[in-house]
Structure formats: structure tokens, C-alpha cells
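Participant: Sequence:
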Amino acid sequence: MERGGEGDGPMKAMLKSELAAAAGVTHDTFRRWLRSDAEYLRSQGVSPKAKMLPPQVVAYLVEKYNIEVKMAN
Numbered sequence: 007m008e009r010g011g012e013g014d015g016p017m018k019a020m021l022k023s024e025l026a027a028a029a030g031v032t033h034d035t036f037r038r039w040l041r042s043d044a045e046y047l048r049s050q051g052v053s054p055k056a057k058m059l060p061p062q063v064v065a066y067l068v069e070k071y072n073i074e075v076k077m078a079n
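Residue 34 in our numbering sits at position 28 of the sequence shown, with consecutive numbering throughout.
It should be emphasised that the hints constitute simulated quantities derived from the structure, not laboratory data.
Don't take each hint at face value.
With a cut-off of at most 30 angstroms between alpha-carbon atoms, the simulated DSSO-like pairs for lysine-lysine come out as follows [as the list claims (entries may be wrong)]:
1) Lys-55 x Lys-22
2) Lys-55 x Lys-76
3) Lys-57 x Lys-76
4) Lys-55 x Lys-70
5) Lys-22 x Lys-57
6) Lys-57 x Lys-70
7) Lys-76 x Lys-18
8) Lys-70 x Lys-22
9) Lys-18 x Lys-55
10) Lys-57 x Lys-18
11) Lys-22 x Lys-76
12) Lys-70 x Lys-18
It should be emphasised that the depicted structure is a prediction, and the values quoted were computed from it without experimental measurement.
With the hints as constraints, model all of the structure from the sequences given.
Facilitator: In C-alpha cells, the structure reads:
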């Protein structure tokens, strides 16, 4: 697996559950993490109930939490 956002091409939109799995945490734990990012998520137009995260939010979370995601070719 590669850490996304480091010259691997553009990040793709992901489900919260996919990103939680990539981080190796439960969906509930991931939701708790996102509470600290509520202001940023709102600024990006992401609802707390959204299941899909847009690419710029995925890139931000991957960087912040050092999540490794498998990048599609």
C-alpha cells in the first residue's frame, strides 16, 4: 500500500467506511476522529452524515492521520 497524496496522482473520493478500514480503525472510531475536523469538513461542504468524502477531504485526512491508501492506476 502507498500513502496517498505524495505524487501518486489525484486522490479519489472515498466512503468513510473505506477510509476507516484503510486507517485500521472502526467506523465509530473514525467518526470520533472526524469530530475534531468538523469545522474543516463544513468549510468543504461535507455534512456530518455524508457517507462519501470528496477527494480534497480524503487527501487532507490521509495527510493528517497518516493513512495509507491503495491508489488505483
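Participant: Check the structure against each numbered hint from earlier and tell me which ones fail, lowest number first.
Facilitator: none
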